[in-house]
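Trainee: Could you put the whole structure together from the sequences, leaning on the hints where they help?
Number of protein chains: 2
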Amino acid sequence: MGSMKKIIECVPNFSEGRDLDKIEKIVTPFRGREGVKLLDYQRDEDHNRLVVTILGEPEAIREAVVGAVGVAVDVIDMRQHQGQHPRMGAVDVIPFIPVRNVTMEEAVELSKDVAKAVWKTYRFPVFLYEASATDPMRKDLANIRKGQFEGMAEKLKLPEWKPDFGEGQIHPTAGVVAIGARMPLVAFNVNLDTNNLEIANKIAKAVRHISGGLRYCKALAIALKERNIVQVSMNMTDFTKTPLYRVVELIRIEAKHYGVNVVGSEIVGLVPMEALVDAAVYYLGLETFSIEQVLEARIME
Amino acid sequence: MGSMKKIIECVPNFSEGRDLDKIEKIVTPFRGREGVKLLDYQRDEDHNRLVVTILGEPEAIREAVVGAVGVAVDVIDMRQHQGQHPRMGAVDVIPFIPVRNVTMEEAVELSKDVAKAVWKTYRFPVFLYEASATDPMRKDLANIRKGQFEGMAEKLKLPEWKPDFGEGQIHPTAGVVAIGARMPLVAFNVNLDTNNLEIANKIAKAVRHISGGLRYCKALAIALKERNIVQVSMNMTDFTKTPLYRVVELIRIEAKHYGVNVVGSEIVGLVPMEALVDAAVYYLGLETFSIEQVLEARIME
Chain A
28 MGSMKKIIEC
38 VPNFSEGRDL
48 DKIEKIVTPF
58 RGREGVKLLD
68 YQRDEDHNRL
78 VVTILGEPEA
88 IREAVVGAVG
98 VAVDVIDMRQ
108 HQGQHPRMGA
118 VDVIPFIPVR
128 NVTMEEAVEL
138 SKDVAKAVWK
148 TYRFPVFLYE
158 ASATDPMRKD
168 LANIRKGQFE
178 GMAEKLKLPE
188 WKPDFGEGQI
198 HPTAGVVAIG
208 ARMPLVAFNV
218 NLDTNNLEIA
228 NKIAKAVRHI
238 SGGLRYCKAL
248 AIALKERNIV
258 QVSMNMTDFT
268 KTPLYRVVEL
278 IRIEAKHYGV
288 NVVGSEIVGL
298 VPMEALVDAA
308 VYYLGLETFS
318 IEQVLEARIM
328 E
Chain B
28 MGSMKKIIEC
38 VPNFSEGRDL
48 DKIEKIVTPF
58 RGREGVKLLD
68 YQRDEDHNRL
78 VVTILGEPEA
88 IREAVVGAVG
98 VAVDVIDMRQ
108 HQGQHPRMGA
118 VDVIPFIPVR
128 NVTMEEAVEL
138 SKDVAKAVWK
148 TYRFPVFLYE
158 ASATDPMRKD
168 LANIRKGQFE
178 GMAEKLKLPE
188 WKPDFGEGQI
198 HPTAGVVAIG
208 ARMPLVAFNV
218 NLDTNNLEIA
228 NKIAKAVRHI
238 SGGLRYCKAL
248 AIALKERNIV
258 QVSMNMTDFT
268 KTPLYRVVEL
278 IRIEAKHYGV
288 NVVGSEIVGL
298 VPMEALVDAA
308 VYYLGLETFS
318 IEQVLEARIM
328 E
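Chain order of the listed sequences is A and B.
For the first sequence, our numbering assigns the number 28 to the initial residue and increments by one for each residue that follows.
For the second sequence, our numbering assigns the number 28 to the initial residue and increments by one for each residue that follows.
In short, the hints are calculated from the structure, not lab data.
Here the structure is a predicted model, which is why all the values come from computation and not from measurement.
One or more of the hints may lead you astray.
Below are the EDC-like pairs computed for lysine to aspartate or glutamate, each with C-alpha atoms no more than 16 Å apart in a straight line [said to hold, decoys possible]:
(1) A:LYS32 with A:GLU319
(2) B:LYS33 with B:GLU84
(3) A:LYS64 with B:GLU319
(4) B:LYS32 with B:GLU84
(5) B:LYS64 with A:GLU319
(6) B:LYS64 with B:GLU86
Stretches of chain A that chain B covers, calculated by requiring three or more beta carbons in the stretch to come under 8 Å of a beta carbon on chain B [stated by the list, open to error]:
(7) 262 to 275
(8) 290 to 299
(9) 316 to 326
In this text, a Cβ means the ideal position worked out from N, Cα and C, and glycines have one as well.
Mentor: Below is the structure:
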């Protein structure tokens, strides 16, 4: 058996959601490249922003991303940019997400390699964020981005906001970019057989990290008006440590207290295979199971 | 988004388990071929048999399999073959198994294409079996293979045993081969907290098709002596119609009747992603979920 192929996801956000010619140019480095799969790209005119999702081998991803950053620095002038979404750079943020056979440490390394190349090649300064952050202040993107493009020239002069790669000034037209590694997010919602939002609120509080619940769970309550029920809407920020089955079973237990039942759930968007395999292993009671037993996993060796 | 890549599994069985040179020659057509992944090959000296597992795109699989059959017809002389496993040909059986984006009808077509090529190229006669069978008598491999290599010359003279491809005689050294399409098998075992084999027997009878249970479940009871417990050992012959969760929940219910509990389970060998995703969807209560939401599934587009 060969060694397992490493697979990483990357979701770069570009500050161009309107000019289709420019968007095509930015996306070109992700097309037809061995080892890179362009999964999706979505532009938003109001946000004036482009979100690209790619998947592939770390080395190929690195080259493609550095290439696309070069195009974006060329074609986007942040001095002209307007849009509803907060932003600070022509490429605003580049998260790297380990998917298979890649550790978080390797994803952090990759993010730093890209950051270094982006600074050296384009003189585009970089803040490292999330798992790649060099300072707790820089973990949170919102913290870094505060002041947006228009405030960045002044912000970077502050010693505590010297970029991780770069000097005390922005790129004149491209601004500054945040690059880092983070776990995949799973958007997981659980529906309850009541229309009482207060109950959903209490359950959301019970299961989410911030108010005493599970470490890697963010949760809030929302009403599904059309169905006349309520939902606990969640972001699972590390399903390898807080698995989906744990949160749904905990919600079931909390709901019982109010005479309420779980009636269904949904996963919004993409989810790593492992998050579902974990649930199957738990509920089927599999004593030993390796993801290598999944036929499709073997194709990716 | 591109169209989804078709993936099929093939598990050809060759009548050579001892001569490593010949085995390497037989396996060569599966190596380094674009679109074909050699997952495994296991030889058994007592059976004097080689079982190869490959995965890939239908067209590439077709070419590789026809190539390997040619090698086997060349290097194996069934007149000299001895082994414990029943067999009738140098290549004994070639099942094609749909894995992703392939219908059973397409797998049947592929099996017939291979059968036709094998007969035309090597004058190696073929019985179509399982889902490819042209007659109910020919669905079951054991039925076709009865008489084994030594009895096949006479058997093929019978009008009802004229091969699907070929005439009323065997290949003088290679015999005859069975080729067909079937669903993936999942070997699924469920452990009980008793050492009473009679209870496992009753539960096996309750859940298996033949004695009144689930349509695509074969089951028998075995003792796990070292652990001092018993097991219901199963072959799930179509997990898309009889899913794993249904059989484990049914076993739980049957076991209750004897005051016995399910304490664990195992999947032996490979399993398609879909079988596990089905379990996750059921137990997490996912209201809508598409396998396209699985990140890794997108790589295979």
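Trainee: Tell me whether the statement that chain B covers the region 290 to 299 of chain A is true, taking a Cβ distance below 8 Å and needing three residues at minimum.
Mentor: holds (count 9)
Trainee: Starting from LYS33 of chain B, check that the Cα of GLU84 of chain B is at most 16 Å away, please.
Mentor: 6 Å, holds
Trainee: Given as covered by chain B, does the region 316 to 326 of chain A meet the bar of three residues or more with CB within less than 8 Å?
Mentor: holds (count 8)
Trainee: Straight-line Cα separation of LYS64 of chain A and GLU319 of chain B no greater than 16 Å?
Mentor: Answer holds: LYS64 of chain A to GLU319 of chain B is near 14 Å, not above 16 Å.
Trainee: Has the given pair, LYS64 of chain B with GLU319 of chain A, been kept, meaning a C-alpha gap of at most 16 Å?
Mentor: 14 Å, holds
Trainee: Sort out whether GLU84 of chain B lies within 16 Å of LYS32 of chain B, counting only the CA atoms.
Mentor: Judged against 16 Å, a Cα distance of about 7 Å means the pair holds.
Trainee: Is it true that the CA of LYS64 of chain B sits at most 16 Å from the CA of GLU86 of chain B?
Mentor: 13 Å, holds
Trainee: Do at least three Cβ atoms from the region 262 to 275 of chain A come closer than 8 Å to Cβ atoms of chain B?
Mentor: Our answer is that it holds, as 3 residues pass the Cβ test (under 8 Å) against chain B, meeting three.
Trainee: Would the hint linking LYS32 of chain A and GLU319 of chain A be met if the CA-CA limit is 16 Å?
Mentor: 12 Å, holds
When each numbered hint is compared with the structure, no violation occurs for any of them.
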